[in-house]
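**Student:** Given next are the chains, with one letter for each unit.
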Amino acid sequence: MVLFLSFMNLFRNFRRTLAILLTVALGTGVLFSFKGFIHGVLNQYKESTIHAHYGHGQINTKNYRENIYAEPWKHWINNFSEINHYLTQQSEVVSIFPRVSLPALLKSGNTAISGAGQGIDATKESHFFHGLRIASGEPLTNQENGILLGIGLAKALGVKPNDSLTLLATSVDGAISEATFIVAGISETGSLDFDNRMFRVQLQAAQSLLKTDNVESIALGLKSDKEWNHFAQAFESHFPQLETTSFAVLDKVYYQHSVDWLHAQFKVIQLIILSIVLLGIFNSVSASVLERKQEIGNFRANGESVFDVMRLITFEGVFLGFLGGIIGITLTYIVMITFLNNGILMPPGPGLTRPFYISFEFEWHMVYVSLGLSTLAAFVASFFAGLRVANMPIAKALRSI
Amino acid sequence: MKKNYLYQLKDVSFNYQLGSHQIEAIKNVSMDIPLQKLITLTGPSGSGKSSLLNLLGLIEPIQQGSIFFQGEELSLMSQSQQNLIRKFQIGFIFQQFHLIPVFTVEENVAFFLARQGLANAEIKKRTKESLEAVKLWEHRQKKPNELSGGQRQRVAIARALAKKPNVIIGDEPTASLDQKTGREIMDIFKHLASEHSVSIILTTHDPMVQSYAEKSFHLVDGILKN
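The listed protein sequences correspond, in order, to chains A and B. Sequential numbering of the first sequence, starting at 1, is according to the working numbering. Sequential numbering of the second sequence, starting at 1, is according to the working numbering.
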């Protein structure tokens, strides 16, 4: 009967109930959309990071990343064919990107500069990775003797697309190898150090210079980042001499720290929103409760305890919070999938080169959290509003206007 | 203290604060209120009759003196014991009715019965009996705002009666009603006191109401006058 009365009380003053419901709905809607955009920002940022350089993760021989070797190629992966065969059997694996690093001397005319290069499967990588902005020329794809240069390196060498240059590298047996490449394109990441040293050539060309069939690392593209843990566990049990590392660890300086920093910011903003919602609801519920002092006095006069009255009032608050929350979430969701469906253009995130659209992304846990918070806020607001009236001397409450 | 009295008051005083002033509403009142009678507390406005009624109804704290309810001293009781007395043994009727606007007449009467923890069948039985007693059974589906002032007061009486209390306390229950309706209400009270063995204590300064009283106490400036 108390529950029924609490529910019926929602209809006693339609305008007031509507005002409270709108307050709750607005607050919940803001929280819900904010959570949706946070989710969108983080997901877009994550996707951009994955497609910038590392993929979803990378395979190396065990402890390779932690150690510095005088002859690192001795610790490279020597059974790529076997691993490649295994990886192609895994349903979650979409792309396999074998890589070698290629420290080399680049020579153009009389200028020679050392660079930190990479041999990659450029055709496959060009479909998956889009972290490099091509300042001039074209990306490295299937050009057999093509080379992609960082903008600083190209400037220092004085080369432009379609110019040729010579690469001198020390092979794994200690001999000097040499090959000529044509500049396919010049890239820019925004990182001066990287742009001054980076170059990329085809994997086979790099392996030929290094005189090895081994690969240093294998970057992977999965169907979803959620599948990484499951994949990594199965892979490492199958290849115990190898280890897997997710992109979040590989790019810890930029990605993980940025995510942690964004999370901390979002929490503060969320707290501010929640405080505003709480105050709004408290204000509306207080007005509603204070108007009913006589009625509450009557309940107390008829033997209802402070606890009973508080239960009645907080039930009302919970109903209002829950109902307002559902209205707010529903309306916000409709607005998000109609008017804001294309997302909002954001500038490039830390460590990224491309601007990206953040769009509202729905997840059920956002509904539970927003609804839970709005209901909790209404409960807390009605609790404190009710406490004052329920503890009022009965005769005074009855005398109230 | 004797249990054959409904209330016994010994040197009861009561003050309340009005701004910076302390008002002595009741001054050393001692009285015995008998069982199962229609009793009125009379006196001019500000004489302390409402304050005294509130003390009898346990809705004002006892500040000074002793009040015994059926032999038990109220000031020695805990809040929860006092809640139980108000829930089961005292019925209230207010000048402003204090009906629950979102409930129908029937639900208004049934609500406090449900809060007493009675079974559904018993709630229905008592609701019907009490609404029939005040001749409002046919209006049971109406909301309070669809009733006249007299009908609302009769709902309040039915609500108090349905609890089957030992005493019904009414603070000027006919003050907002016309004489004819007021007389109808008083007839109901008289019937309740004689047929249902309920004690009725009413405050009033209406001679019509006083004419129904089996015993009357008169207060002037917080002092009991015989």
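Simulated from the structure, these hints should not be mistaken for lab results. For every residue, glycine included, the Cβ atom is placed at its ideal position computed from N, Cα and C. Be aware that a few hints might be false.
[To be verified] From the structure, some residues in chain B lie toward chain A, with a derived Cβ separation under 7 Å:
hint	residue
1	I59
2	Q64
3	E146
4	K180
[Claimed, not checked] Taking lysine to any residue and the SDA-like style, the derived pairs with C-alpha atoms no more than 25 Å apart in a straight line are:
hint	chain 1	residue 1	chain 2	residue 2
5	B	K143	A	E178
6	A	K396	B	K124
7	A	K252	A	L371
8	A	K293	B	Q89
9	A	K293	B	G149
10	A	K293	B	I23
11	A	K293	B	L35
12	A	K223	A	R197
13	A	K293	B	Y16
14	A	K252	A	Q265
15	B	K128	A	I358
16	A	K396	B	S75
17	A	K396	B	H205
18	B	K37	B	L84
19	A	K293	B	Q63
20	A	K160	A	R197
21	A	K293	B	I33
22	A	K293	B	Q22
23	B	K164	A	F4
24	B	K190	B	Q81
25	A	K267	A	L371
26	A	K396	B	K142
27	A	K293	B	Q81
28	B	K225	B	L35
29	B	K124	A	M346
30	B	K128	A	K293
31	B	K190	B	D221
32	B	K143	A	F4
33	A	K252	A	F315
34	B	K87	A	K223
35	B	K142	B	P101
36	A	K396	B	G46
37	A	K267	A	K293
**Student:** Please write out, lowest number first, the hints stated earlier that are contradicted by the structure.
**Tutor:** Structure breaks hints 2, 3, 4, 5, 6, 7, 11, 12, 15, 21, 24, 26, 29, 30, 31, 33, 34, 37.
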